[in-house]
Amino acid sequence: MNDIAIAKAGAADGYENSRLADWVPIHFDLRDTWFPVAFSADIGTQAVRRIVHAQAYYLWRDRGRIRAAEFRPDQLEELRRSATAFTGGTGHYPVTERYGYVWAWYGNPDNADPALIPSIPFLPVDGSNIPRYTQRTVRFDAASPLSVENLIDLTHADFLHAKAIGDGRSESDIVEVQSTSETVTRTRIVTRKSVAPVMRWIGGVRAKYQDLRAVLHVHLRNNLAISYPSFSPGYAIPNVQPFVPVGRHRSRVDQTNYTVAAPAPFRWLMPRISYVIQPQDNAVLRPQNERYFDADRRRDLSSRFDAPGNRYRLVMRRLAERQRRGDFSYAADGDPSVDISAVLGMDG
Amino acid sequence: MAEGQWWAVALTEAVSSEKPLPVVCEGEELVLFRNAAGQAFALEDRCPHRRVPLSPGVLTPGGLQCPYHGWTFDGASGVCREIPNLHADERVPARHAAKAFLVAEADGFIHVWRGSGAPTGVLPSAAYRPAGREYSGSAVVNMAHCNYLETMLDGPECLLAFPCVTITDFFLGEPRRDDKHLVLDHGGVWKGKGIGPAFVRDHPLVLRTRVPLVGGAIFVELLTAAEVPLVTIFIASTANRRGTTSLNWRGFRHAHKIPSAPLAWQLRRAAGRAPFEVLAEVKGASIAALRVAPSLNLTSRTRHEAECRNPR
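Residue numbers (my numbering), protein chains in the order written: chain A, 194 to 541; chain B, 3 to 314.
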């Protein structure tokens with residue numbers, strides 16, 4: 194019953210007309226997934242409101258136990274009759290905690306299995322000892338998939354963020370992309386690149402050049418981006434960037450920049466670089482957003498550097514199409530909980 | 003046969019080789035810039051790569067560089083000349099191009115051709131022939147373009163101001179067709195002379211507005227009753243986004259001395275003060291109260307009817 198109700202609500206409303214023609218990010222509304230809707234440390238006894246797509250999630254703790262509901266706790270009984278299929282009519286969402294986040298289910302509650310929470314191998318599972326300085330919230334003024342595409346896109350970083358993260362000049366720059374039915378993984382291997390200014394000046398890396406192996410692993414349903422950039426000389430700066438869609442035109446990102454392995458003061462300051470990077474991205478995302486509202490007969494032009502982003506567009510369309518047909522299951526290649534340590538290159 | 007027209011979209015001095023200028027023409031976003039030699043160019047303000055505006059980009063010897071990924075577009079052709087990080091032996095595909103517009107610079111305005119085929123007809127500003135010191139400006143007014151044109155017929159006093167002059171709402175006859183314009187005269191009086199416009203036997207001044215049937219070129223003249231021109235203004239108007247209108251104007255005071263003009267007019271003239279004002283802030287209540295009259299002739303324009311029904 195929940196399946197039917199939610200499917201009718203639209204797995205990808207308005208997507209049908211554009212599925213062959215173009216990339217329309219505002220149409221993606223993928224279901225049956227866990228969203229990291231808050232840092233665990235941010236939730237206390239006072240209810241806070243978060244949004245996933247168009248659904249309200251009120252989060253609070255009841256005698257230490259995390260709760261997520263469609264309504265404020267004081268209105269829960271009164272409004273329970275108007276509860277949606279997202280909570281199976283109970284008003285309560287499936288909710289749990291892991292990796293320092295509160296994970297709430299978006300979709301048919303009958304399918305909410307904690308085993309579907311994505312693996313984040315560099316974070317403590319129980320969230321213990323994650324320093325608060327690693328956790329930052331930023332917001333992006335565009336549809337979540339557009340923001341994710343911005344993150345996947347590499348050449349803009351070398352250009353738009355050059356002053357903060359380096360100019361992209363290197364001896365060799367190899368980009369590979371792989372995908373499953375549920376994820377896109379982009380691997381970038383750079384040899385002898387200019388050391389990022391931020392790493393040189395406060396990160397203790399005095400060399401002029403360094404090698405980089407950066408892996409970005411994106412879960413399609415919940416826009417969860419897990420990144421593992423490893424610098425040599427230097428260190429790894431693993432991070433998590435969940436682009437939670439707050440409606441169709443904005444996203445909230447509770448980032449964890451897990452810089453605990455980096456030297457001080459870099460480990461404290463680097464997570465704050467989000468406040469430098471985010472306005473730069475927003476400057477392009479804001480005007481870009483409305484230009485993707487409709488299928489455009491003029492297709493976007495691409496260079497070979499856009500292969501990861503174009504793959505992301507393709508697999509997102511495929512997944513949305515599958516959900517539009519009513520199939521919300523995870524295929525054999527798409528288990529979100531599979532250990533990705535090797536994929537991220539944490540072993541070596 | 004070409005279908006389209008020239009639009010004056012910017013003042014010539016507003017377009018530089020230092021910083022691109024975003025403008026909107028008939029709802030379409032454009033970016034204007036010059037090369038080092040001073041030649042002006044117009045591109046669609048939209049990178050064909052990921053659709054971000056090009057106007058926040060930077061000007062390089064190769065053209066306009068997109069602020070997002072650094073693709074660089076040639077001003078004249080729109081062709082992408084450079085994609086950063088490509089190897090020296092890699093070429094940018096020829097089809098990688100931004101939409102480019104033909105540009106003509108004349109009479110202190112940058113004009114762009116919007117339409118198909120080769121440009122035809124004269125430039126909108128061709129009839130503007132300044133003599134003496136010019137006063138110019140730009141604004142975006144909070145009115146739809148079709149409403150702005152209608153108001154310029156029904157109540158130009160809501161859109162323009164002339165120091166020392168009161169423009170009355172008494173129309174001197176019917177709008178008359180003059181090529182691609184409707185032309186209408188309003189009576190005017192000197193402020194502080196006489197006992198008020200209601201009591202004048204004949205208006206000592208005439209405000210003549212020429213409102214386009216096609217395009218956005220508005221001409222305004224302040225004349226004496228004997229048709230001696232005092233002030234001439236050319237206003238280039240076009241639809242901006244969300245029901246607003248972009249204006250760029252130039253105007254000047256004619257050299258004629260008018261003995262009957264009040265002292266304040268003479269003093270302002272001697273001091274070089276502007277003889278007119280194109281209002282950037284229009285009063286909604288005044289516009290709303292304005293009764294439809296001569297603009298009846300204008301709203302028969304098919305295009306404007308469609309615009310008014312479907313404001314941007």
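Read the hints as simulated data drawn from the structure, not as lab findings.
Think of the CB as a built atom: it goes at the ideal place given N, C-alpha and C, for glycine as much as any other residue.
Don't take each hint at face value.
What the hints assert, rightly or not - Just a few of them, taken from the derived set where beta-carbon distance is under 7 Å, the chain B residues facing chain A: (1) 71; (2) 72; (3) 172.
As the list claims (entries may be wrong) - A short list of chain A residues far from chain B (calculated; beta carbon distances all over 12 Å): (4) 239; (5) 247; (6) 277; (7) 282; (8) 315; (9) 332; (10) 343; (11) 355; (12) 401; (13) 492; (14) 494; (15) 496; (16) 502; (17) 539.
Outcome of the hint check:
| no. | hint | in the structure |
| --- | --- | --- |
| 1 | 71 | holds (5 Å) |
| 2 | 72 | holds (4 Å) |
| 3 | 172 | violated (45 Å) |
| 4 | 239 | holds (39 Å) |
| 5 | 247 | holds (25 Å) |
| 6 | 277 | holds (34 Å) |
| 7 | 282 | holds (42 Å) |
| 8 | 315 | holds (29 Å) |
| 9 | 332 | holds (19 Å) |
| 10 | 343 | violated (9 Å) |
| 11 | 355 | violated (9 Å) |
| 12 | 401 | holds (20 Å) |
| 13 | 492 | violated (9 Å) |
| 14 | 494 | violated (5 Å) |
| 15 | 496 | violated (5 Å) |
| 16 | 502 | violated (9 Å) |
| 17 | 539 | holds (28 Å) |
In the structure shown, a violation is registered for the earlier hints numbered 3, 10, 11, 13, 14, 15, 16, in ascending order.
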